[in-house]
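Given two chains presented individually in distinct reference frames, assemble the corresponding complex, making use of the accompanying hints.
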Amino acid sequence: MGKTFAEKILALKSGKESISIGEIVTVSPDAVMSHDNAAAISKKFKQIGVNKVIHPERIVIPLDHCVPAATEKYALNHKVIREFVQEQGIKNFYDINTGVCHQVLPEKGHTLPGTLVLGSDSHTTTYGAFGAFAAGIGRSEVASIWATGKIWLKVPETIKINIEGEIPKGVYPKDIILYIIGDLGADGALYKAVEFSGKVVRDMSVGGRMTLCNMAAEMGAKIGYVEPDEKSIQWLASRTEKEYKIVKSDADAEFERIIDYDISGLEPQIACPHTVDNVKPVSDVMGTKINQALIGTCTNGRIEDLKIASDILQGKKISRNVRLLVFPASMEVFAEAMEKGIFQELVKSGAVIMNPGCGPCLGAHEGVLAPGEVCLSTANRNFKGRMGCKEAKVYLASPATVAASSLYGEITDVRRCLK
Amino acid sequence: MIIKGKVWKYGDNVNTDVIFPGKYTYTITEPEEMAKHALEDLDSNFTKEVKKGDVIVAGRNFGCGSSREQAATCLKYAGVGAIVAKSFARIFFRNSINQGLLVIQCKEAVENISSDEIITIDFEKGKLSCKKGIFNFPPLSESVLGILNDGGLIPHTRRILGIK
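So the protein sequences, as listed, match chains A and B.
Position 36 of the first sequence, counting from 1, maps to 36 under our numbering, and the rest follow consecutively.
One gets our numbering by counting positions in the second sequence from 1 and adding 419 to each.
Please keep in mind that the hints were generated in silico from the structure rather than gathered at the bench.
Just so it is clear, the structure is predicted and the values come from calculations on it, not from any experiment.
From the three backbone atoms N, C-alpha and C, an ideal C-beta is built for every residue, glycine too.
Don't take every hint at face value.
As the list claims (entries may be wrong) - The calculated lysine-lysine pairs, modelled on DSS-like cross-linking and capped at a C-alpha distance of 27 Å, are:
1. Lys-16/A / Lys-242/A
2. Lys-384/A / Lys-467/B
3. Lys-467/B / Lys-154/A
4. Lys-316/A / Lys-169/A
5. Lys-526/B / Lys-43/A
6. Lys-505/B / Lys-384/A
7. Lys-390/A / Lys-583/B
8. Lys-390/A / Lys-470/B
9. Lys-551/B / Lys-423/B
10. Lys-526/B / Lys-384/A
11. Lys-73/A / Lys-455/B
12. Lys-384/A / Lys-470/B
13. Lys-348/A / Lys-169/A
14. Lys-505/B / Lys-154/A
15. Lys-307/A / Lys-108/A
16. Lys-390/A / Lys-467/B
17. Lys-544/B / Lys-154/A
18. Lys-546/B / Lys-390/A
19. Lys-384/A / Lys-428/B
20. Lys-546/B / Lys-43/A
21. Lys-455/B / Lys-46/A
22. Lys-384/A / Lys-455/B
23. Lys-242/A / Lys-150/A
24. Lys-583/B / Lys-46/A
25. Lys-150/A / Lys-583/B
26. Lys-551/B / Lys-160/A
27. Lys-248/A / Lys-154/A
28. Lys-154/A / Lys-526/B
29. Lys-583/B / Lys-52/A
Said to hold, decoys possible - Okay, the calculated bits of chain A under chain B, using three or more residues with CB under 8 Å as the criterion:
30. 33 to 42
31. 45 to 55
32. 72 to 78
33. 139 to 150
34. 358 to 366
35. 380 to 387
36. 395 to 404
Claimed, not checked - If you only want the chain B side, here are some residues facing chain A, beta carbon under 7 Å, derived:
37. Cys-483
38. Arg-509
39. Ile-510
40. Asn-514
Just chain B, with the same shape it has in the complex (with noise of 0.2 Å):
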C-alpha cells in the first residue's frame, strides 16, 4: 500500500480528549460524524483542511489517555492515511489496527519531517520518503498484519469464524 499526503505535525502526548472529546463519546454513534470533530480540541483547522490519504506526523505517546475506539476512527474517516509518530500509547495502536487505519513507528522519520510536506510511504516496504531523504521502518508482527490486511477487527473476526 502507497499513501501519500501532506504532513499535520504535532508534539508529544497528544491524547484521546484532544483528539475525540469524551463529552461525544456516547452521543455520536456514526464514523462520518465522528470524522467532523477529530482534533478537534488540539487544532481547529484540522477537519477544515484535511485531504483523503494525508499523514499526522507526531512525537512520543501518541494517543494516550483513554481507550476509546472512536479517536482512532475519527481520525481514519477524516480521510488520514497513516499515523507516523515515534511511539503511540498501547490501546491506541491496538484500535488503529482494528480499525485498518496505519500506524507507523519511526524516530528518525519524526524528526526529519516538517509540517505541510508532502511525504510517501510505502507499507510493504517499510520505507517512508520525505525532503530530507528515505526512512526504513520495521514491519509489524505477522498477527498484527492479519487483522490489517482483512481491513480490521471485526472482518478478520469474521473471516477467523469462517462468516461469509
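The shape of chain A in the complex, shown without the other chains (with noise of 0.2 Å):
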C-alpha cells in the first residue's frame, strides 16, 4: 500500500524509515515562523533559560499584524522583536514595509516543496499551495523548537478533495472554498491533511492554491497540499537558489475519505455571520447592506484580487454608504499593483489604499467596526467580535464579489457587473 504526502513527509523529517498514522513522532522543523508574537515567544524563550536559538537560519519573522504600530503597546512590542533578532543573529527578519506572514514566506522562498514549515499562526495552512507540509502552532512551542529546534506532530489522516468540472463566471477560488467549508462544517477536517486535486485545481493559479489551502485551516484541517507542478515551481523559480525535493501522494495511497466537487453549477459564495461554515449563496443574501468593504488579507490580498476588484470598479463610483479599504498582502504585491495601474483605479473609484499587512482583520487597527456595523470582507474569518466590535457583523466572499458589492452598498451577486 503507498503512503501519502503527510505520511512520507513526517516520516523524512523524523528519520524514520516508516511511520503510521496517529503515530507522534519527533521531527525538525526547516523553518519556523511567527510574527507580532515572537514579541511574547522571545519572553517564553528566555523563561526556558537558553542563551541562543539553536537555529537562527531557521527562523523566520515578518511584522504584520499591527503595521505600523497603532500605539504605543504596539510599538514596544515591535521593538523587542528588532532588538531580539539583532541579538540572535536572525536574518530572515521582515520589517513593516515586507507584508503578510503567509504572502512573505513564499515570496523570499521559505516555503519549498517537500520541506517542513510550522508557524505560530493557524493559516500556516497557506504554504501547502507548494507542496510543504505546513502546520499552525502555539507560542510556547515556537519557543521551545527555538531552544531545541524539535516538536512532536502527530501522524494525520488525509482527505483527498477532488474538484473537478467548469468554472462558472464570477466564481473564483475563494467561492469553492467557502462552498467546501459549508458543506464539511467547521470540524469538517479536523485533525486530518487535506489534499486538494482535480482539474480545477490544476487550472488554478498559485494564487488561487493559496486561497484553498490558508481556509483549509477553516474547516480544522492540520495542513492544506496541493501537489506541485510547473506552475508551482515557475512561481518559486525566481525566489530561491535551495535546491529542493518534491514529495507527493503516492498513486496508490490511502486516504481517510475522497470526495468529489464538481463546481459547473457552482454560484457565488457567502460566509455569513457569525462562523465560516454559515456559507450561502449569494442569491440568498443579496441586498444586505453594507457600510465596509475590504479587499485583502492572507487569503486575498494578492495581484489577482486586485486586478479583478479594479476590473469590476473601473469607470464606476462605489456607493457613498460604503468604505473600501484595500490591503495589498506584500510590499510585492503593492509594486507589482501600482505599476499595473490597479491603484488607480481604485483609488478613482472612492477606495482607500493601506499598506501592506492584516489591517482590521483581527479587530486590532486600521479600520475596526462600531456596533451595528456590517462588513463584506475577502479575510478568512467572521466570528463575533473578529474585527474589533462584538455588535458588528462580518461576511465573506470573493474579491469580485466585495468589489461589485461596494458599488451598490449592500451584498451584489457579481455576475450583474460582468460582461
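Next comes the structure, spelled out in C-alpha cells:
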C-alpha cells in the first residue's frame, strides 16, 4: 500500500523508515514562522533559560499584525522583536515594509516543496499550496523549537478533495473553498491533512491554490496540500536558490476519504455571521446593506485579487455609504499593483489604499467596526468580535463579490457586473 | 489529579475570538490580566462568577480559529480545572497541554452533563462522575502526558535540556 504526502514527509523529517497514522513523531522543522507574537515568544524563550536560539537560519519573522504600530504598546512589542532578532543573529526578519507573513514566506523562498514549516499562526496551512507540510502551532511551541530545534507531531489521516468541472462566470477560488467549508463544516477536516486535486486545482493559479490551503484551517485541517507542478515550480524559481525535493502521495496511497465536487453549477458564495461554515449562495443574502468593504489579507490580497476588483470598479464610483479598504498582501504585490495602474483605478472609484499587513482582520486597527455595522470582507474569519466589535457583523466573499457589492452598498451578485 | 467543580456548558465551535478577543492579543501580556477577559464575547457572567476548579463542558471543535495561546492561558488563569468537549480544535488542544490545562475528549459525558451541576474528574483513572452516571475517557498518549506532568511545555523543555 502506498503512502500519502503527510506520511512520507513526516517519516522523512523524523528520520524514520516508516511511520503509521496516529503515531506521534519528533520532527525538526525546516522553517519556523512567528510574526508580531515573536515578542511574547522571546519572553517564553528566555524563561526556558537558553541564551541562543539553536538554528537562527531557520527562524522567519515578518511583522504584519499591527503595522505600523497603532499604539505605544504595539510599538514596544515591535521594538522587543527588532532587538531580539539583532541579538540572536536572525537574518530572516522582515520589517513593516514587507507584508503579511503568509504572502511573505512564499515570496522569500521559505516554503519550498517537501519542506516542513511550522508557524505560530493558524493560517500557516497556506504554504501547502507549494507542496510544503505547513501547520499552525502555539507560542510556547515556537519558543521550544527555537531552543531545541524539535517538536512532536501526530501523523494525520488525509482527506482528498477532487474539484472537477468548469469554473462558472463570477466564481473564484474563494467561492469554491467557502462552498466546501459550508458543506463539510467547521470541523469537517479536524486533525486531517487535506489534499486538493482535480482539474480545477490544476488549472488554478498559484494564488488561488494559496486561498484554498489558507482556508483549509477553517474546516479544522492540520495542513492543506496541492501537489507541486510546473506552475508552482515556476513561481518559486526566481525566489530561491536552494535545492528541494518534491514529495507527493503515491498513486495507491490510502486516503481516509475522497470527496468529489463538480463546481460547474456553483454560484458566488457568502459566509454569513458568525461562523465561516455558515455559507449561503449569494442569491440568499443579496441586498444585505454593508458599511465597509475589505479587499486584502492573507486569503485574498494578491495581485489577481486586486486586478479583478479594479476591473469591476473601473470607471465607476463605489456607493457613498461604503468605505472600501484595500490591503495588498505584500510590498511586492503593492509595487506590481502600482506598475499596472490597478491602484489608480481603485482610488478613482473611491477606495482607500492601505499598507501591506493584516489591517483590521483581527480587530487591532486600520478600520475596525462600530456597533451595528456590517463589513463584507475577503478575509478568512467572521467570528463574533473578530473585527474589533462584538455588535458588528462580518460576511466573507471573493474579491470580485466585495468589489461589486461596494458599488451598490449591499451584498451583490457579481455576475451583474461582468460582461 | 482530581478535579471537582461547577459546570459551565456551551455549544459547538466555541472559537478563540470569543474566548479571548483578537484586539487584546498584543496589548495584554500578563496571564492574570488575560483571565479577566476569558470568554468575554460569549458569556459576560463567566469571569464574574467562575470559581477555581470549575469545568467547561462544550460540544464539537472547542477552541477553533486562531492559534493564540492566550485562549488556553486565560481559561487556566481564570481558574478552569478542566475542559470536557466532544472534540477540540487541534492547535487549542496543543496549547492547553502546553499550558498545563487539562483537556478531556468525551462525547458521551458531554451529552449527559447539565449546566451548573457539580462534576468530579479523576484524570489518572480516566473517569468522570456526574448526576447521570460515570463516564470513562481514554488516556492521553505518553509523550503528551509527559508535557502535562511537567506543568506545561516551557518547564518540560527546561527538563529535557537539563536546565534547573
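Results for each hint:
Between the alpha carbons of Lys-16/A and Lys-242/A the distance comes to roughly 24 Å, so the proposed pair stays at or under 27 Å and holds. For the proposed pair Lys-384/A and Lys-467/B, the alpha carbon gap of about 21 Å is at most 27 Å, so the pair holds. Taken as a hint, the Lys-467/B and Lys-154/A pair is broken in the structure, with Cα atoms around 38 Å apart against an allowance of 27 Å. Distance check on the hinted pair: Lys-316/A and Lys-169/A sit about 21 Å apart at the alpha-carbon level, within 27 Å; holds.
For the hint pairing Lys-526/B with Lys-43/A, the CA-to-CA distance comes to about 37 Å; that exceeds 27 Å, so the pair is violated. For a cut-off of 27 Å, the pair hint linking Lys-505/B to Lys-384/A stands: about 22 Å separates their Cα positions. Distance hint between Lys-390/A and Lys-583/B is unfulfilled; the C-alpha atoms sit about 44 Å from each other, more than 27 Å. This hinted pair checks out: Lys-390/A and Lys-470/B have alpha carbons roughly 25 Å apart, not beyond 27 Å.
For the hint pairing Lys-551/B with Lys-423/B, the CA-to-CA distance comes to about 16 Å; that is within 27 Å, so the pair holds. Using a Cα cut-off of 27 Å, the hinted pair Lys-526/B and Lys-384/A holds, with the two alpha carbons roughly 26 Å apart. Restraint check for Lys-73/A and Lys-455/B: satisfied, since their Cα atoms lie roughly 19 Å apart, inside the 27 Å limit. For a cut-off of 27 Å, the pair hint linking Lys-384/A to Lys-470/B stands: about 26 Å separates their Cα positions.
Distance restraint check for Lys-348/A and Lys-169/A: the Cα-Cα separation of roughly 26 Å lies within the 27 Å cut-off, and the hinted pair is therefore satisfied. The straight-line distance between the Cα atoms of Lys-505/B and Lys-154/A is roughly 19 Å, inside the 27 Å bound, and the hint therefore holds. Distance check on the hinted pair: Lys-307/A and Lys-108/A sit about 22 Å apart at the alpha-carbon level, within 27 Å; holds. Restraint check for Lys-390/A and Lys-467/B: satisfied, since their Cα atoms lie roughly 19 Å apart, inside the 27 Å limit.
A distance of roughly 24 Å separates the Cα atoms of Lys-544/B and Lys-154/A; the hinted pair therefore holds under the 27 Å criterion. At roughly 37 Å between alpha-carbon atoms, Lys-546/B and Lys-390/A are farther apart than 27 Å, so this suggested pair is violated. At most 27 Å may separate the alpha-carbon atoms for a hinted pair to count; Lys-384/A and Lys-428/B meet this at roughly 19 Å. Among the hinted pairs, Lys-546/B with Lys-43/A is inconsistent with the structure: their alpha-carbon atoms are about 37 Å apart, more than 27 Å.
Our distance criterion of 27 Å between C-alpha atoms is met by Lys-455/B and Lys-46/A, whose separation comes to about 25 Å. Proposed proximity of Lys-384/A and Lys-455/B is supported: the alpha carbons are some 19 Å apart, at most 27 Å. In summary, the hint linking Lys-242/A to Lys-150/A is supported, as the alpha carbons are separated by about 22 Å, within the 27 Å threshold. Restraint check: the Cα-Cα separation between Lys-583/B and Lys-46/A comes to about 14 Å, which is no more than 27 Å; the hinted pair holds.
The suggested pairing of Lys-150/A with Lys-583/B holds, with an alpha-carbon distance near 20 Å, which does not exceed 27 Å. The straight-line distance between the Cα atoms of Lys-551/B and Lys-160/A is roughly 40 Å, outside the 27 Å bound, and the hint therefore fails. For the proposed pair Lys-248/A and Lys-154/A, the alpha carbon gap of about 19 Å is at most 27 Å, so the pair holds. A hinted pair counts as satisfied when its Cα atoms are at most 27 Å apart, and Lys-154/A with Lys-526/B qualifies at roughly 21 Å.
Proximity of Lys-583/B to Lys-52/A is assessed by CA-CA distance (about 17 Å); at most 27 Å being required, the pair is judged to hold. Counting residues of the stretch 33 to 42 of chain A whose C-beta sits closer than 8 Å to any C-beta of chain B gives 4, which meets the bar of three, so the coverage hint holds. Residues of the stretch 45 to 55 of chain A lying with their CB closer than 8 Å to a CB of chain B number 4, which satisfies the three-residue condition for coverage. Counting residues of the stretch 72 to 78 of chain A whose CB lies closer than 8 Å to any CB of chain B gives 3, so the stated coverage by that chain holds, three being the minimum.
Here's how the stretch 139 to 150 of chain A fares: 7 of its residues keep a CB closer than 8 Å to some CB of chain B, so the rule of at least three is met and the hint holds. Against chain B, the stretch 358 to 366 of chain A contributes 3 residues with a C-beta closer than 8 Å to a partner C-beta. That satisfies the three-residue criterion, and the hint holds. Only when three residues or more bring their CB closer than 8 Å to a CB of chain B does the claim for the stretch 380 to 387 of chain A stand; here the count is 5, and the claim holds. Closer than 8 Å: that is the beta-carbon criterion, and the stretch 395 to 404 of chain A has 0 residues meeting it against chain B, so the requirement of 3 is violated.
Here the hint on Cys-483/B is kept, as its CB sits about 6 Å from the closest CB of chain A, short of 7 Å. Taking 7 Å as the C-beta cut-off, the interface hint given for Arg-509/B holds, the closest approach to chain A being about 5 Å. For Ile-510/B, the interface hint holds, the least distance from its beta-carbon to any beta-carbon of chain A being 5 Å, beneath 7 Å. With a least beta-carbon distance of about 4 Å to chain A, the hint placing Asn-514/B at the interface is held under the 7 Å criterion.
The earlier numbered hints that this structure contradicts are 3, 5, 7, 18, 20, 26, 36.
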